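Visitor: In terms of this note's numbering, the sequence shown is residues 20 to 191.
Treat the hints with care, since some could be wrong.
Cross-link-like lysine to any residue pairs, in silico, SDA-like; alpha carbons within 20 Å at most [as the list claims (entries may be wrong)]: (1) 110 / 128; (2) 187 / 163; (3) 73 / 43; (4) 73 / 118; (5) 125 / 136; (6) 175 / 187; (7) 175 / 140; (8) 110 / 69; (9) 110 / 86; (10) 175 / 147; (11) 73 / 123; (12) 110 / 188; (13) 125 / 165; (14) 110 / 74; (15) 125 / 143; (16) 125 / 87; (17) 125 / 79; (18) 187 / 117; (19) 73 / 56; (20) 110 / 48; (21) 110 / 58; (22) 110 / 54; (23) 110 / 143; (24) 125 / 168; (25) 110 / 175; (26) 110 / 159; (27) 110 / 70; (28) 125 / 82; (29) 110 / 147.
Per label pair, the in silico range of CB-to-CB distance [to be verified]: (30) 162 / 140: 22 to 30 Å; (31) 125 / 59: 36 to 44 Å; (32) 171 / 58: 34 to 42 Å; (33) 162 / 86: 21 to 29 Å; (34) 162 / 44: 32 to 40 Å; (35) 59 / 175: 38 to 46 Å.
I should point out that these hints are in silico values taken from the structure, not numbers from a laboratory. A quick note: this is a predicted structure, and the numbers were derived from the prediction, not measured. Ideal Cβ placement from N, Cα and C applies to all residues, glycine included.
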Amino acid sequence: IAACGCVISFSGFVPKERMEENIDTVLCALLEIADGDDYELSTVAVAAGIQLVKAAEPADAFSCLALLLPSPSDMPPFRGPEARRLTNTLKLLRPCLRQIPQEQLKVALHLCMPSLCRSFESPHAEIRHLCLDCIVTVMTVVGEDAVATFSRSMTKTQQQLISLHFAKATAV
20 IAACGCVISF SGFVPKERME ENIDTVLCAL LEIADGDDYE LSTVAVAAGI QLVKAAEPAD
80 AFSCLALLLP SPSDMPPFRG PEARRLTNTL KLLRPCLRQI PQEQLKVALH LCMPSLCRSF
140 ESPHAEIRHL CLDCIVTVMT VVGEDAVATF SRSMTKTQQQ LISLHFAKAT AV
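With the hints as extra help, turn the sequences into a complete structure.
Guide: Here is the structure:
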């Protein structure tokens, strides 16, 4: 817990250039901790990961986290450790998606959208909720049209739910 607390405390003070050298290693280590059975330690590790993602260069964090998403051919359903790993990865991806510049995210949609769309079919409510939030966040950053090609494989109900949440997110 103390090590995760240090990541939280010092992530704002480390230059972004230094973070990019080790962000993949640190994020993977935090996810390993978060995947454990200790709820308190898991919560602190996810919080540390979120702080690290917010303090890092968005493109570096995104490229690391996108690689940790499951392959669209591997899912769903997710059970046990797989479900916990995806949940924690999505929790870290969410703030990253909010920070990444539009043009960078547009170019990299193929790294995350197939997995997010397919994971949205998971039987786990939390995974579906996090995927929905990530998809809507991507849509707010890059626009609805940029995501349309990826969401075509979804059911009409899923597409309507995404449209409803996108409308709420972009309402003034």
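Visitor: So, for every hint listed, does it hold in this structure?
Guide: Hint check results:
Simply put, residue 110 and residue 128 have alpha-carbon atoms about 18 Å apart, close enough for the 20 Å limit, and the pair holds. Proposed proximity of residue 187 and residue 163 is supported: the alpha carbons are some 13 Å apart, at most 20 Å. As the CA atoms of residue 73 and residue 43 are separated by approximately 14 Å, the hinted pair is consistent with the 20 Å bound. For the hint linking residue 73 to residue 118, the alpha-carbon distance of about 8 Å falls within 20 Å, and the restraint holds.
The suggested pairing of residue 125 with residue 136 holds, with an alpha-carbon distance near 16 Å, which does not exceed 20 Å. A C-alpha spacing of about 18 Å is found between residue 175 and residue 187, which places the hinted pair at or below 20 Å, so the restraint holds. Our distance criterion of 20 Å between C-alpha atoms is met by residue 175 and residue 140, whose separation comes to about 13 Å. Under the criterion of a C-alpha separation no larger than 20 Å, the hint pairing residue 110 with residue 69 is consistent with the structure, at around 8 Å.
With a C-alpha separation of about 15 Å, the suggested pairing of residue 110 with residue 86 holds against the 20 Å cut-off. Note on residue 175 and residue 147: the hinted pairing holds, with a Cα-Cα distance of about 15 Å set against a maximum of 20 Å. With a C-alpha separation of about 16 Å, the suggested pair residue 73 and residue 123 falls inside the 20 Å cut-off, and the hint holds. About 18 Å separates the Cα atoms of residue 110 and residue 188, which keeps this hinted pair within 20 Å; it holds.
Under the criterion of a C-alpha separation no larger than 20 Å, the hint pairing residue 125 with residue 165 is consistent with the structure, at around 7 Å. Taking the CA atoms of residue 110 and residue 74, the gap is near 15 Å; set against the 20 Å cutoff, the hint holds. A distance of roughly 28 Å separates the Cα atoms of residue 125 and residue 143; the hinted pair therefore is violated under the 20 Å criterion. Our distance criterion of 20 Å between C-alpha atoms is met by residue 125 and residue 87, whose separation comes to about 19 Å.
Between residue 125 and residue 79 the alpha-carbon distance is near 15 Å, which keeps this suggested pair within the 20 Å criterion. Between residue 187 and residue 117 the alpha-carbon distance is near 16 Å, which keeps this suggested pair within the 20 Å criterion. Simply put, residue 73 and residue 56 have alpha-carbon atoms about 25 Å apart, too far for the 20 Å limit, and the pair is violated. Between residue 110 and residue 48 the CA atoms are separated by roughly 15 Å; this keeps the pair inside 20 Å, and the hint holds.
Proposed proximity of residue 110 and residue 58 is supported: the alpha carbons are some 15 Å apart, at most 20 Å. Taken as a hint, the residue 110 and residue 54 pair is honoured in the structure, with Cα atoms around 12 Å apart against an allowance of 20 Å. With a C-alpha separation of about 14 Å, the suggested pairing of residue 110 with residue 143 holds against the 20 Å cut-off. Under the criterion of a C-alpha separation no larger than 20 Å, the hint pairing residue 125 with residue 168 is consistent with the structure, at around 12 Å.
Taken as a hint, the residue 110 and residue 175 pair is broken in the structure, with Cα atoms around 26 Å apart against an allowance of 20 Å. Restraint check for residue 110 and residue 159: satisfied, since their Cα atoms lie roughly 18 Å apart, inside the 20 Å limit. Taking the CA atoms of residue 110 and residue 70, the gap is near 11 Å; set against the 20 Å cutoff, the hint holds. Using a Cα cut-off of 20 Å, the hinted pair residue 125 and residue 82 holds, with the two alpha carbons roughly 13 Å apart.
At most 20 Å may separate the alpha-carbon atoms for a hinted pair to count; residue 110 and residue 147 meet this at roughly 12 Å. The hinted range of 22 to 30 Å is satisfied by residue 162 and residue 140, whose Cβ atoms lie roughly 24 Å apart. The supplied range of 36 to 44 Å is met by residue 125 and residue 59, whose beta-carbon atoms lie about 39 Å from each other. One distance hint, 34 to 42 Å for the beta-carbon pair residue 171 and residue 58, holds here, with the actual separation near 38 Å.
In this structure the hint that residue 162 and residue 86 lie 21 to 29 Å apart at CB holds, the actual value being about 24 Å. Taking the beta carbon of each, residue 162 and residue 44 are about 34 Å apart, inside 32 to 40 Å as hinted. The hinted range of 38 to 46 Å is satisfied by residue 59 and residue 175, whose Cβ atoms lie roughly 41 Å apart.
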